[in-house]
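Residue numbers (my numbering), protein chains in the order written: chain Z, 1 to 241; chain A, 1 to 241; chain C, 1 to 241; chain L, 1 to 241.
Keep in mind the hints are simulated off the structure, nothing from the lab.
Some clues are possibly wrong.
[What the hints assert, rightly or not] Restraint ranges, calculated between C-beta atoms of paired labels, are given here:
| id | chain 1 | residue 1 | chain 2 | residue 2 | range |
| --- | --- | --- | --- | --- | --- |
| 1 | L | 39 | Z | 15 | 51 to 57 Å |
| 2 | L | 17 | Z | 39 | 29 to 35 Å |
| 3 | L | 2 | A | 78 | 37 to 43 Å |
[Claimed, not checked] Restricting the straight-line Cα-Cα distance to at most 27 Å, the calculated cross-link-like pairs of lysine-lysine (DSS-like) are:
| id | chain 1 | residue 1 | chain 2 | residue 2 |
| --- | --- | --- | --- | --- |
| 4 | L | 32 | L | 56 |
| 5 | Z | 32 | Z | 226 |
| 6 | L | 56 | Z | 210 |
| 7 | A | 210 | A | 2 |
| 8 | A | 226 | C | 210 |
| 9 | L | 2 | Z | 226 |
| 10 | C | 226 | C | 32 |
| 11 | Z | 226 | Z | 210 |
| 12 | L | 2 | L | 32 |
| 13 | A | 32 | A | 226 |
| 14 | L | 210 | L | 226 |
| 15 | C | 56 | A | 210 |
[Unchecked claim] From the structure, some residues in chain C lie toward chain Z, with a derived Cβ separation under 8 Å:
| id | residue |
| --- | --- |
| 16 | 38 |
| 17 | 40 |
| 18 | 111 |
| 19 | 158 |
| 20 | 160 |
| 21 | 182 |
| 22 | 184 |
| 23 | 185 |
| 24 | 186 |
If you're wondering where the values come from, they're calculated on a predicted model, not measured in any experiment.
Beta carbons: idealized from backbone N, C-alpha and C, even for Gly.
Number of protein chains: 4
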Amino acid sequence: MKITVWNEHIHERKNPEVQEIYPEGIHRALVKGLEPLLENAEFRTATLAEEDHGLKGEDLDSTDVLLWWGHLAHDQVSDEVLERVHNRVLHGMGLIVLHSAHLSRVFRRLMGTSCNLRWREADDRELLWTVNPQHPIAAGVEFPIELERHEMYGEFFDIPQPDELVFVSSFSGGEVFRSGCCFQRGKGRVFYFSPGHETYPVYRHPDVLKVLSNAVRWACQPEISKIETATSPNAPTDWWR
Amino acid sequence: MKITVWNEHIHERKNPEVQEIYPEGIHRALVKGLEPLLENAEFRTATLAEEDHGLKGEDLDSTDVLLWWGHLAHDQVSDEVLERVHNRVLHGMGLIVLHSAHLSRVFRRLMGTSCNLRWREADDRELLWTVNPQHPIAAGVEFPIELERHEMYGEFFDIPQPDELVFVSSFSGGEVFRSGCCFQRGKGRVFYFSPGHETYPVYRHPDVLKVLSNAVRWACQPEISKIETATSPNAPTDWWR
Amino acid sequence: MKITVWNEHIHERKNPEVQEIYPEGIHRALVKGLEPLLENAEFRTATLAEEDHGLKGEDLDSTDVLLWWGHLAHDQVSDEVLERVHNRVLHGMGLIVLHSAHLSRVFRRLMGTSCNLRWREADDRELLWTVNPQHPIAAGVEFPIELERHEMYGEFFDIPQPDELVFVSSFSGGEVFRSGCCFQRGKGRVFYFSPGHETYPVYRHPDVLKVLSNAVRWACQPEISKIETATSPNAPTDWWR
Amino acid sequence: MKITVWNEHIHERKNPEVQEIYPEGIHRALVKGLEPLLENAEFRTATLAEEDHGLKGEDLDSTDVLLWWGHLAHDQVSDEVLERVHNRVLHGMGLIVLHSAHLSRVFRRLMGTSCNLRWREADDRELLWTVNPQHPIAAGVEFPIELERHEMYGEFFDIPQPDELVFVSSFSGGEVFRSGCCFQRGKGRVFYFSPGHETYPVYRHPDVLKVLSNAVRWACQPEISKIETATSPNAPTDWWR
């Protein structure tokens, strides 16, 4: 299982508060947290500043699941990399979209909607409730998951109706949010998971890591169907024989 | 538009606290609240104690939308009436399932699951958030709807994934609940709406009534498809010509 | 109800066979066919060759439902018009996507997938079967609808799982296709309907017109929710009060 | 992985034509066909005539996936066994519902609808098309699967909208059918698969067996969530701490 963790990696270099929480960068913190939970997984990281944002064709072709964290610089992701990632998802690569990446180009491209939401930075307590207990992404996690302090993300969240809704959050302010959502797009599996604001050490929370490791396993599809989706043959009457 | 409001009508006769809130019974309170919002609607009521629970064949055949409130006596609803109501839903009658009727025989029959949930009577504040703003059932209601005090209903709510999720609630205790859920069953439309505990005057809340009147309009289908669902003809090869 | 019928209008001007079938253009044929079925509707048409493809901001702002037919020149639709149409759908305009417009920029933008499919031009007989009889788009149409000769469109059709599946087609060659699919995107309703190849007079078939008139009524939403989807306010704790 | 194959086992004992095709009974034919495809699986069979129809409490408690074939004697399945099987599905047992078992008590109980359909015995050729190529149940199967001769099952099929639609069939007569449908009910996974009429040797077709072995793996859930669905505790405010 080959996993690439992508991070725009700006907050951690510019904001002292974030630097203190994630001195190694969110991407490396995620690798460190996920490695013990995912046997037989190979990790690599990639960031915005690298050539091709660290996502050349061969990098993506050998990636089974891509995690994506971005916030300040969605618009700096190049058209070329956007196309490449989008295309790989449609051909079977798993994609885990994290927190503020709800506004990333690739997530909006896959959803077709604005992907907007309401938010507030006010140290709300967030509780994530499993609404689909038998879903593999919820396996073995606390019910509910408690984040003592987190950014509030609230409805209305402008996404298509998820194929499967796994988690719904409440916040101290009384808001709710569909915080764990599964989508099938082409041959790829996409999971949006809202925890992960840069000013809280959320990616060291054991249940958050448990969810993410479950999600990676769920999104990883070792065998990709050969049924073609990318061509329109002028099929002969009996082509299927 | 012909609407029947069904109520088991036990709490209001036995419990002084409930009697004070709904001296006329929940069924008549609902009619009183909905009448001004639904022009061209004819209302009738029916209760458990009546012959056939007030739901004879002709009563149901002439009903476009049935509202159902029950709590203490789900098991006193007869097999015959259960079959009749179920059958009418599959043939196109709308059904609005209210609050504790999540455990009613007809709702469990239509869902196929336990329909169980968590609950607490502790004067929680409930906020109902629209997660599908353009849904006709959410038209013109506050965002969120606030119930100052209500019984807590919490996840996990054991229902099939709703065809459309309209409202999600939060409670003072931090719980969440899928409080407004649409289901298509056969030719009938079913809406589950959780507000309505008997010890709070919820059915006089203008937004609750607005939701219910929207739901009645949504569930009412004046013309029923003639495509047969209840027979299995040994169809000839060209029967469709 | 204000309806705009958009057509790239190339086949009808270049291909004598198509010219004979639709001398007035597919857009005007659609208006002619739909007018008697939709009382109180105002129609206008728009084509690729017009300035802004006939879809200036004010044109779209006053459109309740847009029908879209395109085939040869998807890539000639400008970025600006694409953004404008997409944005209007997310804010509540209905969109009916016709036949080869499965590959239009706006449909692919809304779906997030390749929207590809298999096809064959071989005078197949197509039968469209209602799999959701009580859906308003299926009201009053034959079961099945028969198109004596039509282009074959076959699975796998690379779209997200539809929110509601209304029609499934079979073809003489044995293929099947999800030929009538509903999607909610933002506040807008989208219906994809596959009949309409330019070399067959499909848009004069009474059942096809019946479906389209039903779809226009279904997609038309006179009142648009005021719940904001396009902004992310840093909501104060009690903003909802 | 413990698999129980249930069969009413009447046709094979009474009808010489069926006896010739399945002299050992459909249940044993299924075991024979599936064994080579499912390593580490233990099979047992059960039939209507056995005590408790071969489905005592301990039999079901130790079953991970139950396959169910029935046709003539749905109404002879006892209330007790119905409750037991239903309950086990809600608590996580997988269920594969085969062919004419669309009218079995347990499937109708789980669906809440009539589960009726149209049918014809006329040696139609059936083609099963994958409409969800990356679904694990479709892995490695031909596209389409061809059954040279089979009973026609046609729409409208009165089921709730499937959570995932995997296969759609066409028939020589031009009909279509949603022939492979996934449902989540409680903690259990349910797959309906229409091939399997008793007068054709369908359960020896390699692709049918491939689909069934995939479905068994998909429906088998080794670890069941501890989140309770069957009780309604009067939860204290901070019960989740």
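Results for each hint:
A hinted range of 51 to 57 Å holds for the C-beta pair residue 39 of chain L and residue 15 of chain Z, which are about 53 Å apart. Take residue 17 of chain L and residue 39 of chain Z: their Cβ atoms lie about 53 Å apart, and the range 29 to 35 Å is violated. Distance hint for residue 2 of chain L and residue 78 of chain A: a CB-CB separation of about 40 Å, consistent with the stated range 37 to 43 Å. A threshold of 27 Å between alpha carbons decides the hint, and for residue 32 of chain L with residue 56 of chain L the separation of about 23 Å falls inside it, so the pair holds.
At roughly 35 Å between alpha-carbon atoms, residue 32 of chain Z and residue 226 of chain Z are farther apart than 27 Å, so this suggested pair is violated. A threshold of 27 Å between alpha carbons decides the hint, and for residue 56 of chain L with residue 210 of chain Z the separation of about 37 Å lies outside it, so the pair is violated. A hinted pair counts as satisfied when its Cα atoms are at most 27 Å apart, and residue 210 of chain A with residue 2 of chain A qualifies at roughly 18 Å. Note on residue 226 of chain A and residue 210 of chain C: the hinted pairing holds, with a Cα-Cα distance of about 16 Å set against a maximum of 27 Å.
With a C-alpha separation of about 31 Å, the suggested pair residue 2 of chain L and residue 226 of chain Z falls outside the 27 Å cut-off, and the hint is violated. Note on residue 226 of chain C and residue 32 of chain C: the hinted pairing is violated, with a Cα-Cα distance of about 35 Å set against a maximum of 27 Å. Proximity of residue 226 of chain Z to residue 210 of chain Z is assessed by CA-CA distance (about 32 Å); at most 27 Å being required, the pair is judged violated. For the proposed pair residue 2 of chain L and residue 32 of chain L, the alpha carbon gap of about 15 Å is at most 27 Å, so the pair holds.
Between residue 32 of chain A and residue 226 of chain A the CA atoms are separated by roughly 35 Å; this puts the pair beyond 27 Å, and the hint is violated. Of the supplied pair hints, the one linking residue 210 of chain L and residue 226 of chain L is violated, its CA atoms being roughly 32 Å apart against a limit of 27 Å. Restraint check for residue 56 of chain C and residue 210 of chain A: not satisfied, since their Cα atoms lie roughly 37 Å apart, outside the 27 Å limit. Among the interface hints, the one on residue 38 of chain C is violated; its C-beta lies about 27 Å from the nearest C-beta in chain Z, farther than the 8 Å criterion.
Using the Cβ-Cβ criterion of 8 Å, the hint placing residue 40 of chain C at the interface with chain Z is not satisfied: the shortest such distance is roughly 30 Å. Checking residue 111 of chain C against chain Z by beta carbon gives a least distance of about 6 Å; that is within 8 Å, so the hint holds. For residue 158 of chain C, the shortest C-beta to C-beta distance to chain Z is roughly 4 Å, which falls under 8 Å, so the interface hint holds. For residue 160 of chain C, the shortest C-beta to C-beta distance to chain Z is roughly 6 Å, which falls under 8 Å, so the interface hint holds.
At its closest, the beta carbon of residue 182 of chain C sits 11 Å from a beta carbon of chain Z; the interface hint therefore is violated under the 8 Å criterion. Hint status for residue 184 of chain C relative to chain Z: holds, with the closest Cβ pair at about 7 Å, below 8 Å. Interface hint status for residue 185 of chain C: upheld, as the beta-carbon distance to the closest one in chain Z is roughly 6 Å, under 8 Å. With 8 Å as the threshold, the beta carbon of residue 186 of chain C comes within range of chain Z, its nearest partner Cβ sitting at about 5 Å, so the hint holds.
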